[in-house]
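Sequential numbering of the sequence shown, starting at 1, is according to the UniProt record's numbering.
Be a bit skeptical, because a hint or two may be false.
[What the hints assert, rightly or not] Straight line, CA to CA, 25 Å or less: simulated BS3-like cross-link-like pairs of lysine-lysine:
| hint | residue 1 | residue 2 |
| --- | --- | --- |
| 1 | Lys186 | Lys218 |
| 2 | Lys188 | Lys221 |
| 3 | Lys221 | Lys170 |
| 4 | Lys142 | Lys190 |
| 5 | Lys294 | Lys250 |
| 6 | Lys187 | Lys250 |
| 7 | Lys245 | Lys324 |
| 8 | Lys381 | Lys366 |
| 9 | Lys261 | Lys279 |
| 10 | Lys227 | Lys186 |
| 11 | Lys245 | Lys218 |
| 12 | Lys188 | Lys245 |
| 13 | Lys294 | Lys261 |
| 14 | Lys221 | Lys279 |
| 15 | Lys245 | Lys187 |
| 16 | Lys245 | Lys291 |
| 17 | Lys319 | Lys358 |
| 18 | Lys250 | Lys221 |
| 19 | Lys386 | Lys371 |
| 20 | Lys371 | Lys294 |
| 21 | Lys250 | Lys179 |
| 22 | Lys187 | Lys218 |
| 23 | Lys358 | Lys377 |
| 24 | Lys227 | Lys190 |
| 25 | Lys179 | Lys221 |
| 26 | Lys250 | Lys188 |
In short, the hints are calculated from the structure, not lab data.
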Amino acid sequence: GRRSFASPRPRPRPRGGPRLHHRSPARRPRGDRPGPRPLPRRASALSSPNYHRLHTSRDLFSLAASRLDRLHRPDLAASLLDQLLASAPVSPGLLARALSLFPGPDDAVRAFSSSAPAARSDVSLSALLSALLRAGRIDDLKSTFKSAESSLGVAPGRASHNVLLHALVKSSELPAARKLLNEMAKKKFKHRPPADIISYNTLLAGFSEQDDAEEFEKLLKEINENKLEPNVVTYNCRMRWFARKGETFKGEELLDVMESKGVLPNYVTYNALVQGYCKEGNAGAAMRVFKRMKVMKRREGRSDLGVSVHSQTYVLLFKSLVEKERLDDALWLCNSCFAMKAAPSFEAVKGLVEGLVKGGRSAEAKGVVAKMSFLVKGDAKVAWEKIAGELSLEEGAPSSDP
Numbered sequence: 001g002r003r004s005f006a007s008p009r010p011r012p013r014p015r016g017g018p019r020l021h022h023r024s025p026a027r028r029p030r031g032d033r034p035g036p037r038p039l040p041r042r043a044s045a046l047s048s049p050n051y052h053r054l055h056t057s058r059d060l061f062s063l064a065a066s067r068l069d070r071l072h073r074p075d076l077a078a079s080l081l082d083q084l085l086a087s088a089p090v091s092p093g094l095l096a097r098a099l100s101l102f103p104g105p106d107d108a109v110r111a112f113s114s115s116a117p118a119a120r121s122d123v124s125l126s127a128l129l130s131a132l133l134r135a136g137r138i139d140d141l142k143s144t145f146k147s148a149e150s151s152l153g154v155a156p157g158r159a160s161h162n163v164l165l166h167a168l169v170k171s172s173e174l175p176a177a178r179k180l181l182n183e184m185a186k187k188k189f190k191h192r193p194p195a196d197i198i199s200y201n202t203l204l205a206g207f208s209e210q211d212d213a214e215e216f217e218k219l220l221k222e223i224n225e226n227k228l229e230p231n232v233v234t235y236n237c238r239m240r241w242f243a244r245k246g247e248t249f250k251g252e253e254l255l256d257v258m259e260s261k262g263v264l265p266n267y268v269t270y271n272a273l274v275q276g277y278c279k280e281g282n283a284g285a286a287m288r289v290f291k292r293m294k295v296m297k298r299r300e301g302r303s304d305l306g307v308s309v310h311s312q313t314y315v316l317l318f319k320s321l322v323e324k325e326r327l328d329d330a331l332w333l334c335n336s337c338f339a340m341k342a343a344p345s346f347e348a349v350k351g352l353v354e355g356l357v358k359g360g361r362s363a364e365a366k367g368v369v370a371k372m373s374f375l376v377k378g379d380a381k382v383a384w385e386k387i388a389g390e391l392s393l394e395e396g397a398p399s400s401d402p
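Start from the sequences, fold in the hints, and give me the full structure.
Following this line, the structure appears as structure tokens:
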């Protein structure tokens, strides 16, 4: 038969998978390996110094390093990044990127210490400090920051100061963080760079978590006095603050302010509002915000605005809709979850099914049960089948609850 790679028919495509699978081992010597072990082979390929395409693309380097770390081969990930730094032209940006990809902080410290002086800057120093922060090594971060100029030849700039602020907030050292921010904001401290909106956002989040209304309001006032432009993180901090106070409607009003200023909301924005309304028992408002998010996502063509179906936000919204007997919205949300092949909370689905049956919608209830039974696997399937077996799916039948 004649082969056509431009054939519009999709049916022959499934054969392509096995054909590729069988062709790949044929390129290896027969005695090379005792059997197919895809993870080591993949790790070896990702770390190969002869992989030209990999070594000419920084995006591929990032992907390869991340995959190697997930394959539990941090040694190969570190080796790959060492090769990148050894072969590429000296650049503070490249060093910073590599430091952010090293699987362990010790590798990042080693790479920075052995780097050329021309590659060291506030940007690359901040990447090193961030690596220590991710590992929870706050004391090492502080000592590295303090001795950076004398031992590493780099004076900490604003990026490095912002990492230190983050570390102080994370370790609940808010008075020290506030003192550092004050020094950054005052021009008389020549060794401190001026604070930016990132500096203030870090403290806003910290004082919000501590429920410190006085400091929170002071920071907002200083942002305005210093003529700093609030960004999406600033607005998100304010929305979470209002939601925590049971005033989520004020947070929703900020959405219009953001739009007027050209600040695009993100998933954190909508999470704060949906969760706030759900905790206030206002399922209708929560669903309104959720649908507003969907409209924004379509209008902007952005894939990062969706609320994760595995998040507490989704669970709270679905549960809230069921409790308030907003069955149409709950069913729509449940079917959206099924379309993404994600199983919602069993108890919430049970409540939805019972509500549908009670409302004379047994056919839809049976459809929900069938889709759940098809979707869940393993131990979860056993647990769900037990719940499903207790459900009464015929109209007029007694509820499964005692």
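### Query
Holds or violated: are the alpha carbons of Lys221 and Lys279 at most 25 Å from each other?
At roughly 29 Å apart (the allowed maximum being 25 Å), Lys279 and Lys221 break the hint.
### Query
Taking only the CA atoms, is the gap from Lys250 to Lys188 under or equal to 25 Å?
Cα-Cα ~38 Å, so violated.
### Message
Checking one constraint from the list: CA of Lys245 to CA of Lys218, max 25 Å. Satisfied?
### Response
holds, 18 Å
#### Entry: 25 Å Cα cutoff - pair Lys188, Lys245
Violated, because 38 Å separates the two Cα atoms, which is more than 25 Å.
### Message
Would the hint linking Lys187 and Lys250 be met if the CA-CA limit is 25 Å?
### Response
Given that 25 Å is the threshold and the Cα spacing comes to 35 Å, the pair is violated.
### Query
Can the restraint linking Lys221 and Lys170 be considered satisfied, given a maximum Cα separation of 25 Å?
Holds, because 23 Å separates the two Cα atoms, which is no more than 25 Å.
### Message
For Lys179 and Lys221, compute the direct alpha-carbon distance and say whether it is at most 25 Å.
### Response
It holds: about 17 Å lies between the C-alpha atoms, which stays within 25 Å.
### Restraint status (C-alpha distance of Lys245 to Lys187 at most 25 Å)
Roughly 35 Å separates the two Cα atoms, so the pair is violated.
### Task
Given the hint that Lys381 pairs with Lys366, test it: the Cα-Cα distance must not exceed 25 Å.
Holds. Lys381 to Lys366 sits at ~16 Å (cutoff 25 Å).
### Message
Need the status of pair Lys227, Lys186: alpha-carbon distance at most 25 Å?
### Response
Roughly 14 Å separates the two Cα atoms, so the pair holds.
### Task
Decide if the proposed pair is consistent with the structure: Lys294 and Lys250, CA atoms, cutoff 25 Å inclusive.
holds, 21 Å
### Task
Sort out whether Lys221 lies within 25 Å of Lys250, counting only the CA atoms.
holds, 18 Å
The structure fails to meet hints 6, 9, 12, 14, 15, 21, 23, 26 from the earlier list, while all remaining hints are met.
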